[in-house]
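Novice: Given chain A's structure and the hints, the job is docking chain B onto it.
Residue numbers (the numbering used here), protein chains in the order written: chain A, 1 to 110; chain B, 1 to 115.
Please note: incorrect hints may appear among the correct ones.
Straight-line alpha carbon distances no greater than 35 Å define the calculated DSBU-like cross-link-like pairs of lysine-lysine that follow [stated by the list, open to error]: (1) B:Lys-49 with A:Lys-53; (2) A:Lys-92 with A:Lys-53; (3) A:Lys-92 with B:Lys-85.
The set of hints was computed from the structure by calculation and includes no laboratory data.
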Amino acid sequence: MPLPAITSILHRVSGVALFFGAIFMLYVLSMSLESQAGFDRAAEMLQESFLAKLIAWGLVSALLYHFFAGIKHLIMDLGHCEELDSGRLAAKVTLVIAGIAILLAGVWIW
Amino acid sequence: MVTSITSFGRSGLYDWMMQRVTAIVLLAYTIFMIGYLLMNPELDYNQWKELFSGTVMRIFTLLAVLSMVAHAWIGMWSVSTDYIKATGARFVFQSACGLLAFIYVVWGIQILWGI
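Chain A with its partners taken away, still in its complex shape (with noise of 0.2 Å):
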């Protein structure tokens, strides 16, 4: 598959992924907001729990994949990278980008 099909594709996938997964971030949101104890429990929620952290790097993973790819998105819109190669550098470039920004939001969320 061409470089920029796989930055698609993945762009479909990571906003399906977050569409569903707000359910995830809205639970967490209004749990921080009701009370201290609920603040507490959100925060060991993702301090202490492997499938919190799992589930809220997987959600940030593809935030910041769909931030990335839509902002390629959008400067395609502008007119620009829309040849052949300057189409695969700009794929290339945000699949760069996403995966040093998703390594970066492991180590922050671990």
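Specialist: For chain B alone, kept in the frame of chain A given last:
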């Protein structure tokens, strides 16, 4: 002529524009939230509660929720019309997405104004 009755604005051009406008809002909200969390590693409950008690933050957050829901509707519509060819199954899937989007809006308002 067959018109698209399940798309967000019943016009491809309008959906295209709304997808970009909501994307910019979500871009700004994401940068703000990640920046805020990175700059406040010792965040406590009072500070967190105070942040979401401000009117500006409530407006910004509700705008982000509404943008997410519209953005997701257009995205889920595009994806489901591409991959789910059976009309009945697609209608059920899109209805479920619409219901979840509606739940997000009500839940979001409840969280923000229930503080």
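Novice: Hint by hint, work out which the structure violates, then give me just those numbers in ascending order.
Specialist: none
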